[in-house]
Every structure is written in structure tokens, then in C-alpha cells.
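Novice: Each chain, letter by letter, is given below.
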Amino acid sequence: MAARTALGRFFGRVVQSDLLWSFRSSRTTMAAGFVVGMIFLASFLAPWIAPQDPYDPASLNLSEAMKPPVFEEYRFWACPFGYELDAGACEAEPKSSWQFPLGTDDQGRDMLSTILYGTRLSLIVGFASIMLAMLLGIALGLLSGYAGGPTDAFLMRVADVQLTFPAILIALTLDGIVRGIVSTQRHEEIALFVIVFSIGLSLWVQFARTVRGSVMVERTKDYVAAARIIGVSSGGIMLRHILPNTLGPVLVIATINLAVAIITEATLSFLGVGLPPTQPSLGTLIRVGNDYLFSGEWWITVMPGIALAVLILGVNLLGDWLRDALNPKLR
Amino acid sequence: MIGFILRRMIQAVVVLLVVSFVSFVLFNYVGDPINAMVGQDTSIADREALREQLGLKDPISTRFVRFVGDAAQGEFGLSYRTTEHVGRMILARLPATLELSFVAAIFALVFGIAMGVYSGLYPRHWFSRLLQAISLVGISLPTFLIGILLILFFAVTLRWLPSFGRGDTVDLGGWTTGFLTLSGLRALILPSITLGLFQLTLIMRLVRSEMLEVMRTDYIKFARARGLSNRAVHFGHALKNTLVPVITVTGLQLGAIIAFAIVTETVFSWPGMGQLFVQSVFFADIPVMSAYLVLIAFLFVLINLIVDLLYYAVDPRLRSVQSAMRVR
Amino acid sequence: MALLEVRDLRVEIPTRRGVLTILDGVSFDIAPGEVLGLVGESGAGKSISGLAIIGLLEPPARIADGTVTLEGRRIDNLPREEMRRIRGARIGTIFQDPLTSLNPLYTIGRQLVETIQTHTTLTTRQAEARAVDLLKQVGIPAAESRLNAYPHEFSGGMRQRVVISLALCAEPVLVIADEPTTALDVSIQAQIIALLKRLCREHRTAVLLITHDMGVIAETADRVAVMYAGRIAEIGPVGTVVNRPKHPYSAGLMGSIPTVERRLDKLPQIKGAMPRPGALPHGCAFAPRCGYARDLCRAERPELMRTGETESACFQYDRRWEKAHA
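The listed protein sequences correspond, in order, to chains A, B and C.
Note that my numbering numbers the first sequence so that position 30 is 30, with each residue one more than the last.
Note that my numbering numbers the second sequence so that position 289 is 289, with each residue one more than the last.
Note that my numbering numbers the third sequence so that position 64 is 64, with each residue one more than the last.
Pulled out of the complex, with its shape left as it was, chain A reads as follows (with noise of 0.2 Å):
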């Protein structure tokens, strides 16, 4: 027991002093790591840090609606110095401000404080969905992985049956079946559980087959068989035993999921079958802004697009670069 914690800390360090080291050694992904970390503080903190709190309807006010964000009007930045970029630009009212740097929407709502709140809520669907999906997998991974036979069988087909098709499928039947039990005000209520519900079962699978792939490596292995001698039960083998060597191919397939996860929320959302605009995600943020493109207030839904984009993409080159740390091949 003592050996095997002293054990656990020790390759903790290793994998972590060799882990820094390739993360430090490209600057791509301490980029990437830079803006994600900034982007889930900022989120973190959106109730302390939003200039407005966009959804509270007392703070809103109709009047400032519609308004573009500041970079689009560039030709009044240099009027308070008192030269004119263009001419008679001046004379007429700037319609953006700097209370709402990038704009504002329909109703008034501050864009920079929407787009905090709504990376909060695409990030926690995104966090609470894989973690669902990984205590799903990793359960009935080593479930099958240690039992075998016809438990085995039967849950890998019906792993092989999801596998075939795309988890936004999934998600959405999942979404479509709660809908169908439950009623419309409930379902808006509980709509954060539903989605975190519908993705991380939609993608178990792949955590599952490596677990279970992991534990028939490990279960042939002496350890094991010493430790049943002993008369370690089989539930203790599997988590206290196998489990910590599985972890690593875990922890990147979680990562790369995760975008998986926060793209697949985003686009149910987007669809209106996610989250609703009471609660709005950046991919419900997205669908309400879609409306205005044609009449002109782009920014209503390409803001938040680029705080989506951005997430995906820092979190993805964090998976590669996690992938490739972790990958012992290239080691």
C-alpha cells in the first residue's frame, strides 16, 4: 500500500517534469495554454467581472440597444484628440461606446458580458458532460475489460451499435426523448441536465474501449494475480490496481473529447434543441444573433462565434500537444 502511493507520487513527478518540459518547448501550444487559462478564468469570474449582468432585467435598457462595437467605428477614435479621419465625421454621434466595447444586442445586453457568461455555461455543459462520460466508460470499461465473457460481448456490441453513429445524433434523439416526457416549462428548467446528459452519453464509448482494453492488457499480468492471492476483491483490483495505469490514454482521449463535447453542445444549441436564451450558451447566443445578420448588427452573432472558435481551438491544440506528451511511442 505505502509502496504503491510512493509509487503513484513518483511517476506523478516524472510524467509531470516531462510533460512541462514539452510543454514549455513549443511556443504554439503555451500560446494555446495561455488563452485557454485565460478563458476559463475569465469565464470563472464572469459574475465578478462582467461589466453588466445581462440578465438581469432591471440593469438593461432598450435604448442602448443595437449598438456596434467600438473597432467598427473607428473614424470617431481620433475626435476627442481632435483631428477628424474623415471628413465631417465629428459632427455626427457615434452610435458604439466604450461601455460596451463590443457592442450590444436586441435587448440591450452588453456583448463582452453575454459571451462571459455564455463561455461559463459552454464550458461547464463541456467539463460535466466528459466527466459524465468518463465515469460511464471507465465503469463499464473495466466492467467488461474484467469480467469477459458474454458481459463483455454484449456491452462491446452495443458499443459497436453507438460507435456507428455521430454523437450529435445521439445527443439530439436523447434530447428529443426527454422532450417527449417531460413538459416544455420542466424541460427548459432542467435543460442543463438533460444536455449534459444527452453528450456525455453520447460519447462513453471511446473512453470504455480503451479502459476495457487497458484491463485485459493488466489482468494477465502477475501483479494481479498476486494481489487476488492476497485476497484483494476484484472490485479493489480494478480501481485500486489497474485503474491508475489506464489513466494516461484516459486523460488525452478526454481532452480531445472535450472539444468534441463543447462543439456538440454548441451546435444543439444552435439548433434550439440545447440551451434556451434564458440561459444562454455562446451557440444559443450564436442562433438568437442570427436573425440580425441580414439586417446588418453582424456582431450580435459573430462575437460570440469567435469567443466559440477560439475555445475550440485553444482546447484542441492543448489535446495535440497532450497527445503527443503522453504518446509513449514518441518518447
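A partial selection of chain C residues facing chain B, derived with a Cβ cut-off under 7 Å:
1. 56
2. 84
3. 88
4. 89
5. 93
6. 95
7. 100
8. 101
9. 105
10. 115
11. 118
12. 152
Source of the hints: derived by calculation from the structure; they are not laboratory data.
Backbone N, C-alpha and C define an ideal beta-carbon position, used for all residues, glycine too.
Could you slot chains B and C onto chain A? The hints should help.
Specialist: Frame of chain A; chains B and C shown alone:
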């Protein structure tokens, strides 16, 4: 060989049955079909009579068999939302989705393979690196975002291409096609690029990595050592060996394209099955949902089967059982 | 005049940690029709020598210095297209693993015809006839029908015969055989070696036989070069090098071959290990392991010097040996 085909067909049937079962459960146990079909005032006695009449009181096994039989004939009852015949609704929208998916797939395949081969043969060239960077962006952007950006750029700002609908279509005895009109073709451009971009990126990355691996093999080294020309080595040997595993993946991607059409059709208001499916999810229109699932499962299974047969035809090692074991 | 002349060949690989020298000034000749064996441990640079000669070094490895001359014409600095014409037509190659040397998706007939047509102007029918003839020469039964067979349908030994036919199909003057029998069953090895020897003698083709198997060399080669750490330690007629080795490393090698004639309780080993390309010692590469090493060995690098019938890179045969201290 016969054994191989037989095994794959059995697998296909199993998948279909499982999906049908899920659909069946959906159909009958999620929400009450009777409640969706009749008004609020209908008495309980009448509802029971209706239940009896529709055979909803029969044992599960009978109902499932009936369900499968009906499904095989395209009979899924009536939509909860529009009370139209579900089978006919889906069939009417099938050509739109299939045409879109087909064009998107061709786009993804042609450009994906070309770019993948190029960056596999000349990985250090600046253009290859550029392609790599673009591909990373390609898999990071959700499909709907790509669609919106394309609309913003080409439809709103430049006004070159339409942003919704199929344009004018021609009815060829039941199959409405957009290929025969100029507006139909123009309407296809943005949606198919949107739909195909993700797959293009996947294909390009796959082809590139396969190509890199193939170029390192002994038989390529030996081919060069025999003095074969660059063209023979690159396209005769390397390309053929690269494409073999690529076939499987791209074949499966075709299925994914048909499913992802859901998003693209929504962005571009494309009147296809995908848009129908989203609407049915939103309204919990179970008959349409289950019909769509069964149809998609059928298409997937069919595509998988064709891909397997293609693979079999292309790779001679699979034809002798012994070496097939080694390949797999 | 020598068919192939290699002079001071130097192959380097630039890496992040500096430049690694894989071949460090290798020189040897091959006469027309002669079989030169190239032996040494794994990592000594044997295969690299072969690849460097035909210009198939994988970048970033490159020829940093030296010359390779074939039939009086320099080939190490030729433009790519001209080098390609030499490969196959003037120099044939046989690699180690016949399974991975052949493209699994094409019939051997197609691969043969393709190679033949690349180097000759025969029509497809003529090329096919030629292919059948070649297959017969290498001993493939039912050659005509085998043209349409795929590589995986042959056994290991038969595949290597096909590879040999591919290497010889354009009538090269030199064949570089890189470990041609290592991947084969012991019983097949002898057959393949005999076949190679016979064919090359019939066609008057010279052979650079690269292997770590001394038994094969003793049977097949006319001369042998012993490589160590990217350099040649000793080179000379095979009988002399095997029975009366002059270089301490060759002596150690020959001594460690078990034979029926000697009674041994323990197989003698040379203690230590061959240095890696990045860690070559100053002076003679073998000095750290050599029982006879003197300060001269550690200070300077020995060049090949005449020692009777052979040449050895060892200071024992140098004038300054007497004055050198241990």
C-alpha cells in the same frame, strides 16, 4: 469470400434490428401516442377503443414484428405535429439531403485527397505547413459557425451566392433535383462547402499521415532502388497503398455527412430530412424521429457494407483467409 | 580498373544535439565480378554504406565528404534523375525482408514488368516473357502462372527469389545485397546464398554482400571488409581475414565464431560495446576495448595500412609502434 459477405450482412441486420427496437420503444413508450392523436375532450372509453383498434394492446413481440414489417415498407404512421404521413414526408425531403450530401462528399474527397497527398509527399514545404494549420482550424470550427461565416461573407457582404433554400428544382418523376438549374447549382455551393469542410479536414489529415507512413516503407525504398520514376513511386505505389485504408474511413464519413446535414440544413434553411429531424426533436414528434433513425441506420449499414466490399475488392490480402488474419 | 571505388566516404546526420558521424572515411574497391563482403555488428555502418552508394540516404542524413565512382564515373554527386537511371540498371539492390520489400497490392508480374520496362524499351509482352525467364532462373516453379500471384501467396524463400529476380532484371553490373538472408529460415538461407552466388557468377555481376553472418561471408565472398564504428578495421581476401586476422577486432570476431574444430567451454567475447556515432573516442575507435592499446592508439586515428595480404587500420603494424607506450 461468401463467408465474409454473409458475416457482414448478418452484422448489418443486427444493427438494423437494434435500432428498430430502440425506435419501437421510442415510438410506443415515450409519451402516449393516443394522447397526441386525439383532442382533449375524447372520452376515456373512446381512447381505449382507439387503442384496441390500433392494436396497441397486443403483446410487445407482436407489435415489434408489426413495427418492423411496417418500417420495411416505409410505414411509420402519422406525424404528431402535422398529421401527415411520415413516410411520405421523409421521402419528399430525401432528394434534397442526398444531393447535398453527395456534393459535399465529392468536394471533401477530391480536395481532401489532393491536399493530403501533396502534404504527405512534401511535408516540409511551406504550403504543406499552411495546410496543416488550416486543417487545425477546420476541425475546430463547428459546422454551423462555418456556415454562418460563409453566409456573412458570400451572401450578405458580397451577395454572390444565395443563403437559403435550394433554388429552382426540377421534378424527375418523384425525385426533385437541383442539378439541372443554375439557381439550384448556385444554392448548392455554400451548403456543400459547409457540410464538406469538416470531412475534408479529416480526410486530408488521414491521407497525409498514411502517405508519410507509406513513404517510409521498405517496398517504397525497394521501388526507388529499382530505379522507378518518381511518378511511378508516388502515384503507382504510394498512392494506391495509401488509399486502401482511406477508403474505409471516407466511406464511413459519408454516413457522418448525411447525419451532419442536420446542422447545415438548419443554417441554410435547406428543405431536407435533417431539418425535419430537428423540428421533430423540438416538438417531440416521435414518429418522425423514429422513422428518421431507422432510415439513417439503414443508410449507414448499407454504406458500411459497400465499403467493406470495396475494401475486399481492392486489397488482395483479404482474399486469402490466412493473410487476412494478419492484415486485420 | 575497379568497378566500384569508394574513397573516404563520410556520412553525417545533423541533429539537434550536434552532428552525428555515421560513416567516418570509408574506402574500398570492388573489382568486376567480385564478391566483397561487408561485415560488422549492428550499427557499424554497413547498411548505410550500401544506401550511400545508391544515393538513397534518408534526409537529413547526407554524404558529407568522399567520392563514389562506378566504372570510372562519379555517381555520388549526380543530379537526381541521372542517379535514378543508374539504380536498377547499373546497380541492383536486395534488402533484408522480402515480405516488406514487395508491394502487397500488386502482382509480382506487374512489379517485374514495370521494372523491366523502366530500364528497357521492351513491349509489355516482351517484358512479360523476360519476367517469366527471370523467374525460371531464380527457381520459381510454374513461372508463367505465378506472374499473376501476389506477394503474400509466396513463402519467404520464394519471395526473396522474386526480389533477386527484380534486382537482376535490368542486368546491373553490381548488386548490393543488404542482409539478404537474415529474415529467412536457416534451411532456406543456404539455398538463397547459393542462388545469388551462381547467378552473379553467370552474369558476371559484382556483389557487395552486407551481413553480420560470418558463415555466409566465408562461403560466398572473395574479399571481406570488417567494419567497426563507421570505419573499416580490416580488408582483404576472405581466407586470410578469417583465418589469420591482423586487426584485434577482426581477431576477436573470428574468435567468437563457434566452430566444430575447437573445443571451448566458454564462447570468447570482446568485453565492452561498440561506441555510438555521437560518442566516438579520440583516436582509434576500438582502443578502449583493445588489449594491445598504447598511447599512440588513443592519440591518433589509424589509417588502413598494408599487413601482408590484407590491410588493417591498426598501429601495431606502424613504424611508430615500438616507441609507443602502453
